[in-house]
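Chains as they are written, first to last, in my numbering: chain Y, 1 to 113; chain B, 1 to 112.
Keep in mind that the hints were calculated from the coordinates and are not lab data. Be careful, since some hints might not be right.
Said to hold, decoys possible - Here are the computed distance ranges between Cβ atoms for each label pair:
#1 Y:R18 - B:R50: 37 to 45 Å
#2 B:R41 - Y:R63: 25 to 33 Å
#3 B:R41 - Y:R22: 37 to 45 Å
#4 B:T64 - Y:G58: 26 to 34 Å
#5 Y:T15 - B:N52: 21 to 29 Å
#6 Y:E53 - B:H57: 34 to 42 Å
#7 Y:T13 - B:N52: 43 to 51 Å
Yeah, the Cβ is synthetic: ideal placement off N, Cα and C, and Gly gets one too.
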Amino acid sequence: DSGVTQTPKHLITATGQRVTLRCSPRSGDLSVYWYQQSLDQGLQFLIQYYNGEERAKGNILERFSAQQFPDLHSELNLSSLELGDSALYFCASSVVAGFGELFFGEGSRLTVL
Amino acid sequence: SQQGEEDPQALSIQEGENATMNCSYKTSINNLQWYRQNSGRGLVHLILIRSNEREKHSGRLRVTLDTSKKSSSLLITASRAADTASYFCASLLEGGSEKLVFGKGTKLTVNP
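Could you put the whole structure together from the sequences, leaning on the hints where they help?
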């Protein structure tokens with residue numbers, strides 16, 4: 001158990017819909033990362049927050065947004081969903097930003113029908 | 001785009017044999033990390049090697065880093081069926097970036 005909690009574990013929805021994925025980092029970790037894993041694209045970095053501030057951005061679509069709240073949990077919002085958004089979405093946390101190991105949650109599997 | 005590329009994409013060996021996976025990356029790095037992922041599960045950190053280090057050991061794992069060739073290798077000695085998983089390298093880019101970029105992974109199968 002990494003200490004990182006992601007909900008929901010599984011989500012099935014239809015095209016055009018909007019979903020919110022939630023992540024609670026390990027106790028004491030200030031940095032949260034979001035990754036998307038699909039079969040053909042591997043593990044893609046989406047976005048990173050540190051203590052509530054956005055610190056790095058990757059290949060995140062404009063339809064996607066995220067934030068980190070004062071209690072350090074983070075949410076990833078996916079809107080106007082398309083079939084191609086079906087993937088595993090991972091959240092990871094670390095104590096400091098950018099130098100040490102990441103602790104990954106078990107992921108949220110999104111299926112868009 | 002991926003920063004790291006693992007090679008081979010898939011590797012199948014017998015229990016007791018050694019497994020070597022390679023990772024190449026494109027730009028200068030601060031550190032390079034290796035992670036393991038069991039099918040459909042979260043990634044687990046294995047080992048981190050800094051850009052000024054050449055070799056590091058952790059149990060049955062040995063990692064090397066060659067910054068001149070922009071490559072790293074992960075050696076698992078005396079493999080076990082439980083080592084069956086996908087292995088990813090991840091690099092932290094030099095210059096203050098906080099973005100840890102992963103390769104596409106090597107899928108290792110260890111046959112009993």
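Practice item. Starting from the hint list further up, note which numbers the structure goes against and sort them upward. Key: Numbers 3 and 5 - these are the hints that the structure violates, sorted from lowest upward.
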